[in-house]
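Build the complex from these two chains, which are given one at a time in their own frames, with help from the hints.
So the sequences go chain by chain: A and B. Basically the working numbering = 1-based index in the first sequence + 2. Basically the working numbering = 1-based index in the second sequence + 29.
The set of hints was computed from the structure by calculation and includes no laboratory data. Misleading hints may appear alongside valid ones.
Straight-line distance between alpha carbons at most 30 Å, and here's what the computed DSSO-like set of lysine-lysine pairs gives [as the list claims (entries may be wrong)]:
| hint | chain 1 | residue 1 | chain 2 | residue 2 |
| --- | --- | --- | --- | --- |
| 1 | B | LYS209 | A | LYS18 |
| 2 | A | LYS18 | B | LYS201 |
| 3 | B | LYS209 | A | LYS28 |
| 4 | B | LYS92 | A | LYS28 |
| 5 | B | LYS385 | A | LYS26 |
| 6 | B | LYS49 | B | LYS385 |
| 7 | A | LYS28 | B | LYS342 |
| 8 | B | LYS385 | A | LYS18 |
| 9 | B | LYS205 | A | LYS28 |
| 10 | A | LYS18 | B | LYS217 |
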Amino acid sequence: MNKNLDEMGQTLGMTKDDVTRTLKMKKRQSLSIIPVVAFTFLGGASFDTLGTCYGGICQRDFKRLPRWLRWLLGLR
Amino acid sequence: MCFLFYFSTNKIGEKMFKKKYLPYAALFEITLKCNMRCIHCGSSAGTQRLKELPTNEWARVIKEFSELGCESITLLGGEPFIRQDWFEISKTVRDYNIDLTIISNGLLIDEKTISHLRKLDPYAIAISLDGGSPETHDEIRQVRGSFEKATKVISMLKDANINTSAITTLSKTNFKDLPKIRSLLLNKNVAWQIQIACPVGRFPKELMLSKEEFYSASLFIANSMEKYSIEELPIAGAHSFGYYSSVLPNINITPVWRGCPAGMYLVGIQSNGGVKGCLSLSDEFVEGNVMNKSLSEIWESDSFASYNRKFKKDDLNGECIGCKYGKKCKGGCMSVSTSVTGKKHSDPFCLRLIEKSGIID
Numbered sequence: 003m004n005k006n007l008d009e010m011g012q013t014l015g016m017t018k019d020d021v022t023r024t025l026k027m028k029k030r031q032s033l034s035i036i037p038v039v040a041f042t043f044l045g046g047a048s049f050d051t052l053g054t055c056y057g058g059i060c061q062r063d064f065k066r067l068p069r070w071l072r073w074l075l076g077l078r
Numbered sequence: 030m031c032f033l034f035y036f037s038t039n040k041i042g043e044k045m046f047k048k049k050y051l052p053y054a055a056l057f058e059i060t061l062k063c064n065m066r067c068i069h070c071g072s073s074a075g076t077q078r079l080k081e082l083p084t085n086e087w088a089r090v091i092k093e094f095s096e097l098g099c100e101s102i103t104l105l106g107g108e109p110f111i112r113q114d115w116f117e118i119s120k121t122v123r124d125y126n127i128d129l130t131i132i133s134n135g136l137l138i139d140e141k142t143i144s145h146l147r148k149l150d151p152y153a154i155a156i157s158l159d160g161g162s163p164e165t166h167d168e169i170r171q172v173r174g175s176f177e178k179a180t181k182v183i184s185m186l187k188d189a190n191i192n193t194s195a196i197t198t199l200s201k202t203n204f205k206d207l208p209k210i211r212s213l214l215l216n217k218n219v220a221w222q223i224q225i226a227c228p229v230g231r232f233p234k235e236l237m238l239s240k241e242e243f244y245s246a247s248l249f250i251a252n253s254m255e256k257y258s259i260e261e262l263p264i265a266g267a268h269s270f271g272y273y274s275s276v277l278p279n280i281n282i283t284p285v286w287r288g289c290p291a292g293m294y295l296v297g298i299q300s301n302g303g304v305k306g307c308l309s310l311s312d313e314f315v316e317g318n319v320m321n322k323s324l325s326e327i328w329e330s331d332s333f334a335s336y337n338r339k340f341k342k343d344d345l346n347g348e349c350i351g352c353k354y355g356k357k358c359k360g361g362c363m364s365v366s367t368s369v370t371g372k373k374h375s376d377p378f379c380l381r382l383i384e385k386s387g388i389i390d
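Next up, chain B with everything else stripped away, as it sits in the complex (with noise of 0.2 Å):
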């Protein structure tokens, strides 16, 4: 009974008992706007969308997560800090003691934004750092000076003992780069995320990785996870790294692999208020808006998120039919599946799929 009891009062209860779904953790893109243009990037990020969120409206739409019970609000663009309001924006995430996390390029950080920084206790300020060198990082980004401005902004942040991460897309322009952004980032108590560029926005499909590297990137990540401690670097690779592999240990930030989360427990806002499972989805995910509906409505919905919600094994499609894994595993990450192959539950850039298909004797 007291079993029972236990459950019916934590979350995995809720989801077992009430099969009620909760967004604990959200993705704002608070504007489109970018002062950079980087080439891998996936929403096409430049210019801001048409009617973007006001300060008020995204302070409605904290509380309303608050409300359904959301514990981690991670805000990027764009380039967040490009809005004048980002830190009223931050502060009511915090004023609901809800995690925060930003996502920038660094550009705009100086050391008066650190100091409000500071005063929000974020749980995570994650700096792009997409090479080991200015060459290939700022080729990526397409501004000069960019990686001594990211390199700046890393050791400025954790001067300020603010907990950092570097987040690192890989394709084949910075793939070689890994090894010496590594050395860069060895004991600095900088978290590093990888993940993997998909042909999306204005990504060239050309530039994506080949399975072997994807292969040998995931080579990369299980050998640090094996030479560092957590304390030297703390490494993972993003959702799109994984899935049961049958040589390689678990690389991904999850530690066990439960398929892709979004409409699950993620959900992704657009600056004009665009509702999505995962903000990395193309448009044609976007399954309704703040600016019409309460975000309850939306995430209550019968429809939405269906794909992930109401997946069944038969949903499947290309390699992943007949996968020992499929029913746990959902095909992997939708984004990268989508976006590579045009079909749901089909993501190719699988470790257990590579290893299969022979690459692996």
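So that you can see chain A by itself, here it is in the shape it has in the complex (with noise of 0.2 Å):
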């Protein structure tokens, strides 16, 4: 485990448990990124109104999506 990145979750009340978990999530979205490609290309708008909301993150938006989709997308 990468020592520095333990220090540094250290600051914020993080575990190394967490870290590690934490970073297995980028290889879980990494192989999510061709269904959000596809998602992208094909959802266009829809999909940019994700990233457009000021003040109140998309939370609408992305229940909109069942479970599973989001799981896909990498989106939680």
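Laid out in structure tokens, this is it:
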């Protein structure tokens, strides 16, 4: 495990295990890159909207997607 | 053929075939007047600008936005609820069936305000929450009792079934409060947006996060995303959190970062009518005024937001030069880039750059 990352995590109360699990999330997102690209291309504007909500994270938009699709897109 | 037809009828298609930019999202600074004096305020809000737009001018501007295809308008300030006509302006937005978000410090929100807000069915009401305790929040906001008020208003909005967000602007003053703020927001179904304070307006440079602190905050956001579901804690970093990290997952509100949105599908209007690609940008970026020209004339002008619309890889500056993601990323957040380095397309608060600099082994 990267010592610096562990130290950085500790600054804000994260354990080594927290950091390890967080890094695994990156790998999961990398696997979902194909559906992300496909969805961006086909979904176009609706996907744009996810990123254009100022002042509020677009929770309504996120929640509109089924859970399995959110997981597949790496969106939790 | 059907494929081509599909793209010619949606917005992506419009971009591809007509190269037309549409202002999907607009930010309206409806007044610069504010009842707080936050130390990080990039607009140095306090007193109102000379010649702020009256209600009827805002109505005209909203109509123009609607005609241009705008889908989302955010009212902010200053403190937007200071304006006596905030409801009329908001109602006009909703009358055009445009999503409405209001960003406020919460100080003027009471039961009566909330009953008005319910009638508007807003997309979200966002309350600034800069600390996990009164000591930090009130110190930043320079108003005693503001923490108590902000947390109370967040609860009141949730009780009224209004989509609620909290916005935390990070600096050295509140960086270590992140876990406390998270505890406050956990399981409240309040969306949490974290952004960084930049050395513009009245924010002193020495209070800006170091790159290490910025990276820790990013790790914290990523960890919170891993630890809690979106129902428990809808959290994300604002546009300044990115880009293309080789270690951390995506924490940016945009699922795929494709460069600064200023002038591409985002536009900001100052309270005196000044138009710029994004309200976070300094006044040097004002490229017209809706009092002198129509919005479409400004937006559709060949020179508008040319820093983004006509971006070429050669425009990258500083450490972004030579980055393999440079063409897509365009050098990160324009506001952070210009306020920190004085140059465009060279945002140094980039996770990938920080990782390359050796902070991460």
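Checklist line | Satisfaction of hint between B:LYS217 and A:LYS18, Cα-Cα up to 30 Å | finding: Holds. A:LYS18 to B:LYS217 sits at ~27 Å (cutoff 30 Å).
Next item on the list: For the pair supplied as a hint, B:LYS385 and A:LYS18, confirm whether the alpha-carbon distance does not exceed 30 Å.
Entry: 22 Å, holds
Next item on the list: For the pair supplied as a hint, B:LYS385 and A:LYS26, confirm whether the alpha-carbon distance does not exceed 30 Å.
Entry: 20 Å, holds
Notebook entry, point to check: Holds or violated: B:LYS92 with A:LYS28, Cα cutoff 30 Å?
Noted result: 43 Å, violated
Notebook entry, point to check: Holds or violated: are the alpha carbons of B:LYS209 and A:LYS18 at most 30 Å from each other?
Noted result: Distance of about 19 Å is within 30 Å: holds.
Margin query: Against the 30 Å threshold, does the CA-CA distance of B:LYS205 and A:LYS28 hold or violate the hint?
Written below: 24 Å, holds
Margin query: Between the alpha carbons of A:LYS18 and B:LYS201, is the straight-line distance 30 Å or under?
Written below: 24 Å, holds
Next item on the list: Would you check the hint for B:LYS209 and A:LYS28, treating anything up to 30 Å between C-alpha atoms as holding?
Entry: 25 Å, holds
Checklist line | Satisfaction of hint between B:LYS342 and A:LYS28, Cα-Cα up to 30 Å | finding: 27 Å, holds
Check: Are the Cα atoms of B:LYS49 and B:LYS385 separated by 30 Å or less?
Finding: 37 Å, violated
Violation of the numbered hints given earlier is confined to hints 4 and 6; the remaining hints are satisfied by the structure.
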